[in-house]
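Undergrad: One letter stands for each residue in the lines below.
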Amino acid sequence: MSVGAQSLNVARTPTQRLNEDRIYKIVQLREAEEPSVHEPAKQTLNPDVKICLERAELVTASYRQTEGEPWIIRRARALAHLLDNMTIYILDNELIVGNYASTPDSLPTYPEFSHMWLEKGLDNEFKHTLDEEGKKRLKEINRYWVNHDVEHVLYEVVPDELKNHLHWNGVVTGPWFWPLGHMVPNYQDRVFPLGIKGMLDEVDHYRSKISETDPEYREKLDFYEACEISARAVTAWILRYAKLAQEKAARANDARLKADFLKVAGVCSNIAENPPQNFHEALQAFWFFHLLTTQITWSSVGLGQRFDQLFYSYYRKDKEAGRLTYEGAVELFEHLWIKLDDLGQINPTESCYIQVGGTKFQNVTIGGTDEFGNDASNELSFACVDATMNVRTLQPALCLRYHDKIDPKLVDKSIDCIVSGMGMPSIFNDKAAIKYLLSLSSSVFKEFEPDRVTLDMLGVKVSGSTQVLSRSGRMARRLVEKALPVAVKEKLDNTLRELPYFLLTDGGKTGAFIRSGLKKIGMDLDRLLVIPRSWASVACVGAGFPNGLVIQGTLTTIITAGVLNFLKCLEYVLYQGVDPATGNQLGIRTPDPRTFQSYDEFLAAFLEQLKHQINMTGKIFEIADRLYAERTPRPLESLLMNTPVIRGKDATRKGDFADSEIFTMGPVNAADSLTAVKKLVFDDKSVSMDELINACLADWEEYEDLHRKCLDVPKFGNDNDYADQVLNQMYIKANRAVSGINNHLGVPFRLEATLAGGYFIGGISCGATPDGRKKGETVADGQLSPMHGMDMNGPTAVLKSCSKVDPAQSWNQLCNQKIQPGFMKGKNREMFTQYLKTWASFNNWHIQFNCQDAEALKDAQLHPEKHKNLVVRVAGYSAHFVDLTPGLQKDIIRRTEQDLGSFRSC
Amino acid sequence: MFDKLKRFSGNFIRTSSGKSREPDVAGRIFNIQKFSINDGPGIRTTVFFKGCPLHCAWCSNPESINPNPELITNFQVCVHCNQCVEACTQNAIIVENSENSRPVRSINREKCNACMDCVKNCTSGALRSTGSTVSAKAVLEKVEQDVPFYNNSGGGITLSGGEPLLQPEFALAILKLSKRKKIHTVLDTSGYAQKEVFKTVLPFLDLVMFDVKHMDPGIHKKYTGVDNRIIQENLGYLNGKVNIWLRVPLIPGFNDDQETIIKILDLAGDLCIEKLFFLPYHQWGIGKYSGLGRTYTLSGLESIPDEKIEVIRHLCKSRKIRNYDIEQG
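In the order they appear, the protein sequences are chains A and B. Read in my numbering, the first sequence has 58 at position 58, and its numbers run on one by one without any break. Read in my numbering, the second sequence has 139 at position 139, and its numbers run on one by one without any break.
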């Protein structure tokens with residue numbers, strides 16, 4: 001606390017002042033007071049946040065006028081009408097400008113997707129967001145959308161048997177009425193070098209090439225027209241800011257403010273049509289387009305850019321010319337950070353299960369390698385961290401791409417930031433990510449193939465070499481299978497699976513020799529790595545192309561992600577597909593588990609349940625995605641992507657790679673439950689299945705003995721092979737089981753990625769489970785984070801457990817680790833660096849260090865039974881936090897508070 | 001890949017010829033703590049031995065003194081299921097009703113025969129047994145799991161306690177196995193053991209963390225229960241033969257006066273030591289005393305004031321001792 005208090009007394013920088021005057025728009029998702037399967041949680045809103053109806057009104061007015069025109073034109077015209085008439089403002093001290101609602105304290109709504117939820121919520125959670133007048137205006141707007149929003153149509157077209165799955169039912173849901181619409185514009189190759197003018201020239205160029213004999217002639221013409229309308233509207237909108245800044249400058253009394261406004265006016269008028277020329281202009285151009293694509297045209301999430309690469313050329317040029325200093329760059333980043341943190345949205349409560357708290361999950365990636373595999377970090381990587389530490393905003397979330405050759409100073413700087421209590425940057429392992437991308441290569445690059453143009457644009461010819469590699473791997477594996485004994489076979493099999501990756505990435509002489517040899521016969525393996533080496537993280541740890549890693553200028557499907565509750569599927573196995581809470585048959589009817597003879601049968605039933613749910617979800621995915629693509633195309637975004645302008649088709653149509661993900665809820669608890677069943681019922685045979693089911697039904701009442709037994713079964717996260725392998729196998733088999741189910745673009749679903757905060761919903765909806773969890777108790781966060789309080793062997797054991805799960809085979813990666821801030825300070829710092837190095841050598845994918853905050857310790861004081869694993873580390877001393885006397889516990893809490901200082905947390 | 005093949009063949013050779021004919025030795029420990037970052041260099045795994053010839057009043061691991069398994073309680077987590085009361089054949093578990101309706105439990109240590117039947121029936125973890133007999137191989141199995149962390153951070157295994165050398169064969173077996181696996185070894189010792197014991201374990205030690213508590217034999221005996229003569233002799237014996245870190249627990253009113261500190265610093269100056277640590281007194285162990293049914297005699301003791309720490313820093317500086325550290329928790 002002391003740190004925060006001190007900083008108030010010191011003179012605040014303009015950015016800090018801007019930041020502190022802001023109204024914080026984070027929405028919180030809390031467990032409902034009386035949680036039920038269907039309504040497990042409620043959102044609470046900062047009472048100062050209002051709803052701005054301007055966007056809804058302007059869009060509605062435009063839609064009313066354009067009835068009968070093609071959807072894509074209507075969409076473009078609505079955007080143009082909105083940009084021409086929306087309120088714009090520039091606050092004092094702002095250097096990056098651009099707003100999305102009429103006032104700084106309000107959030108817009110998007111009635112074209114779904115409208116009724118807001119009106120319903122006005123009596124409850126959104127009570128304070130609109131006054132009486134506003135409520136009347138909302139009713140007027142909604143009158144138009146009754147039969148016109150996508151939700152309405154979706155209800156009509158979804159077959160009856162799927163209607164059960166449209167809303168959260170304890171096991172699956174998706175943002176059907178509030179699509180996430182992830183997309184990553186290509187700033188590097190399109191926005192920055194071309195500018196709006198250049199992009200429009202391109203539109204003219206390709207429009208002149210289409211012939212009337214083209215069967216899609218009409219649609220293509222409409223598409224180009226829509227692009228043009230949108231682009232011109234954006235130019236006019238940016239010029240409005242230039243004009244406003246001029247006016248404000250004329251009125252300003254303060255000389256410094258006047259200079260600021262004039263600077264803003266200059267920047268805006270320069271980039272209204274033309275490409276940005278300097279660092280400030282590039283940042284402003286980025287912000288305008290980011291704002292347009294994620295908040296104004298659509299309420300989407302994600303960012304997916306490598307800021308230290310994207311802006312570096314501008315920074316270097318400015319610095320060499322003496323126009324910009326490092327501090328100047330940090331300050332501009334701070335301005336951008338405040339803008340990014342200021343984005344927000346009000347969602348239907350159900351959508352919050354996936355997109356927790358209306359955060360925008362904007363990930364800024366720093367570090368990593370260049371296309372040749374050398375360290376790519378530069379001064380801007382440091383500037384990003386500095387900006388975060390200065391303004392302490394939660395968004396953007398920094399992601400550090402860690403690799404062997406990374407600048408140790410950048411790691412050091414990142415640790416500084418983590419220790420300051422921000423929990424950022426989260427750290428991604430290049431090794432695992434690139435390996436993963438390569439393992440995906442067949443399916444990913446196949447997806448590219450129909451459109452050779454993409455590949456040519458990227459300058460990469462990949463298909464030939466990947467095919468040879470995978471074929472040779474397959475052949476060798478087949479040979480192995482026939483000839484060798486099992487133990488040797490497994491070892492060799494692993495080695496062979498690693499072979500392509502090894503050939504590509506080995507830095508030693510062998511690798512270089514083989515690569516140069518292959519180059520001579522025309523196979524340039526280095527070029528294969530160009531795409532994977534450019535990856536960036538889009539949102540949370542994942543989601544995007546593919547699985548959180550993104551290539552510029554690609555789009556994921558509109559719906560992007562569904563949620564599947566693994567633990568519920570496990571419950572369905574116990575009760576043959578019947579939800580014990582409601583009595584509904586939502587799962588498939590698998591055989592009575594009491595008749596199972598082996599663990600394999602149990603696992604098979606579990607996979608059957610998973611598969612069934614994904615099948616159902618997949619069908620809705622397909623219907624919804626098509627519907628959104630038809631009704632809400634994205635002409636402006638199409639301009640910013642790689643291929644749409646060339647193809648003459650909107651970005652939502654097939655062409656760019658687009659995958660669909662299913663976020664997993666409670667997979668670690670499901671795996672722990674599987675372990676318990678495997679060990680107690682089938683291996684030890686000390687408990688009968690009947691007994692176990694009855695105990696779960698009774699929520700362990702009268703079954704204390706069995707409860708203890710279940711809790712004592714090894715759990716994931718303790719470096720115990722038995723438990724860790726169950727989890728690994730579950731992931732691999734689950735992914736194999738669903739690999740045959742494709743989305744409407746022909747790309748298989750993946751059970752992967754990450755659910756950032758909504759995981760606790762999964763717990764509320766489930767009864768007691770064989771891992772010893774009680775009814776309604778929360779589940780583990782993340783896909784590789786052990787269940788709370790179940791990792792008894794310390795942080796090294798957790799990392800070891802995670803390392804046994806191959807991210808390239810299981811697609812799972814999210815691991816959160818809570819550590820006490822003292823572990824990273826003073827003489828321990830060097831140790832922490834080594835700890836990180838060891839982590840990277842394990843090929844784990846991701847790790848985020850959250851400092852053990854005082855709140856957690858206070859909770860441990862109140863609920864010691866949940867925190868038995870909290871170790872106090874003092875020289876020559878062995879004890880757990882819960883064993884300390886209350887006075888000493890308080891002492892530790894006080895010191896933790898001191899160590900961390902204070903910052904806004906969500 | 002070739003690394004992997006090498007590792008694979010390495011395993012192969014080891015498993016075929018490495019089946020050791022030596023008998024496995026068992027001993028008594030009360031904890032194996034991974035990720036210990038304050039018990040020697042790097043990330044370490046500390047094995048806490050049970051049993052100690054000393055009984056220092058300030059001991060932060062009171063369960064380490066008695067070599068036999070003990071019942072330790074933490075009634076904060078008790079769920080009052082009363083299964084323990086039913087299980088106890090000695091009627092040693094006492095339940096008293098208090099005003100705020102929650103019953104208060106305690107153990108009659110005179111009746112308790114440490115049969116641990118209550119622990120087996122405890123559903124909440126309020127009753128635990130501390131101290132278990134394990135084999136050296138089992139210990140190593142656990143220690144080996146963190147080898148990648150040791151390699152990167154310069155860590156390894158630390159034998160602590162209690163006094164590891166109170167179980168010399170067991171300690172020796174663990175150290176031998178560790179060295180066979182090329183794991184860095186540290187012995188955290190009070191120094192109170194026979195010289196022969198030190199002689200046998202010495203070849204397998206990379207570092208000894210040696211406790212020096214007081215220089216005066218009389219005071220030493222009064223507070224720790226043993227004379228410091230043997231300790232000093234052993235220290236003299238080890239000097240120059242192995243890396244030594246001296247560790248001085250700073251206890252208010254016992255050894256925090258200037259005179260004692262100077263004596264200790266003089267000793268440190270005479271010896272060939274790598275580092276000198278001062279560990280200021282803390283009360284982290286106090287909860288365990290009541291858990292074991294013992295009384296903590298130093299409960300009124302304040303922690304070492306900052307001024308005294310400064311004095312020590314000054315003394316070290318004036319004696320040109322640079323390789324010292326004061327671990328302020």
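Calculated directly from the structure, the hints in this document are not laboratory data. This one's a predicted model, so the numbers in the text were calculated from it and none came from an experiment. Glycine is no exception: its CB is placed at the ideal position from the N, C-alpha and C atoms. Possibly wrong hints are sitting among the right ones.
Stated by the list, open to error - Only pairs whose alpha carbons sit at most 27 Å apart, straight line, appear in this in silico DSSO-like list of lysine-lysine: (1) Lys-775(A) x Lys-42(A); (2) Lys-197(A) x Lys-42(A); (3) Lys-837(A) x Lys-142(B); (4) Lys-827(A) x Lys-111(B); (5) Lys-308(B) x Lys-825(A); (6) Lys-120(B) x Lys-825(A); (7) Lys-176(B) x Lys-825(A); (8) Lys-827(A) x Lys-308(B); (9) Lys-775(A) x Lys-120(B); (10) Lys-308(B) x Lys-320(B); (11) Lys-317(B) x Lys-837(A); (12) Lys-804(A) x Lys-317(B); (13) Lys-258(A) x Lys-319(A); (14) Lys-709(A) x Lys-685(A); (15) Lys-120(B) x Lys-685(A); (16) Lys-176(B) x Lys-275(B); (17) Lys-775(A) x Lys-709(A); (18) Lys-308(B) x Lys-837(A).
As the list claims (entries may be wrong) - The following label-pair restraints were derived from C-beta to C-beta distances: (19) Asn-113(B) x Asp-705(A): 21 to 29 Å; (20) Asp-684(A) x Ser-132(B): 29 to 37 Å; (21) Thr-582(A) x Ser-303(B): 51 to 59 Å; (22) Lys-320(B) x Ala-255(A): 42 to 50 Å; (23) Thr-89(B) x Gln-597(A): 35 to 43 Å; (24) Asp-600(A) x Ser-303(B): 56 to 64 Å; (25) Ser-132(B) x Val-578(A): 38 to 46 Å; (26) His-80(B) x Ser-739(A): 26 to 34 Å.
Said to hold, decoys possible - Just a few of them, taken from the derived set where beta-carbon distance is under 8 Å, the chain A residues facing chain B: (27) Ile-514; (28) Asp-719; (29) Gly-794; (30) Thr-796; (31) Ile-893.
Undergrad: A separate judgement is required for each hint: does it hold in the structure or not?
TA: Tested hints:
no.	hint	result
1	Lys-775(A) x Lys-42(A)	19 Å, holds
2	Lys-197(A) x Lys-42(A)	46 Å, violated
3	Lys-837(A) x Lys-142(B)	21 Å, holds
4	Lys-827(A) x Lys-111(B)	48 Å, violated
5	Lys-308(B) x Lys-825(A)	24 Å, holds
6	Lys-120(B) x Lys-825(A)	41 Å, violated
7	Lys-176(B) x Lys-825(A)	34 Å, violated
8	Lys-827(A) x Lys-308(B)	22 Å, holds
9	Lys-775(A) x Lys-120(B)	25 Å, holds
10	Lys-308(B) x Lys-320(B)	18 Å, holds
11	Lys-317(B) x Lys-837(A)	36 Å, violated
12	Lys-804(A) x Lys-317(B)	49 Å, violated
13	Lys-258(A) x Lys-319(A)	24 Å, holds
14	Lys-709(A) x Lys-685(A)	12 Å, holds
15	Lys-120(B) x Lys-685(A)	20 Å, holds
16	Lys-176(B) x Lys-275(B)	25 Å, holds
17	Lys-775(A) x Lys-709(A)	17 Å, holds
18	Lys-308(B) x Lys-837(A)	39 Å, violated
19	Asn-113(B) x Asp-705(A): 21 to 29 Å	24 Å, holds
20	Asp-684(A) x Ser-132(B): 29 to 37 Å	21 Å, violated
21	Thr-582(A) x Ser-303(B): 51 to 59 Å	57 Å, holds
22	Lys-320(B) x Ala-255(A): 42 to 50 Å	59 Å, violated
23	Thr-89(B) x Gln-597(A): 35 to 43 Å	41 Å, holds
24	Asp-600(A) x Ser-303(B): 56 to 64 Å	59 Å, holds
25	Ser-132(B) x Val-578(A): 38 to 46 Å	44 Å, holds
26	His-80(B) x Ser-739(A): 26 to 34 Å	51 Å, violated
27	Ile-514	11 Å, violated
28	Asp-719	5 Å, holds
29	Gly-794	4 Å, holds
30	Thr-796	5 Å, holds
31	Ile-893	14 Å, violated
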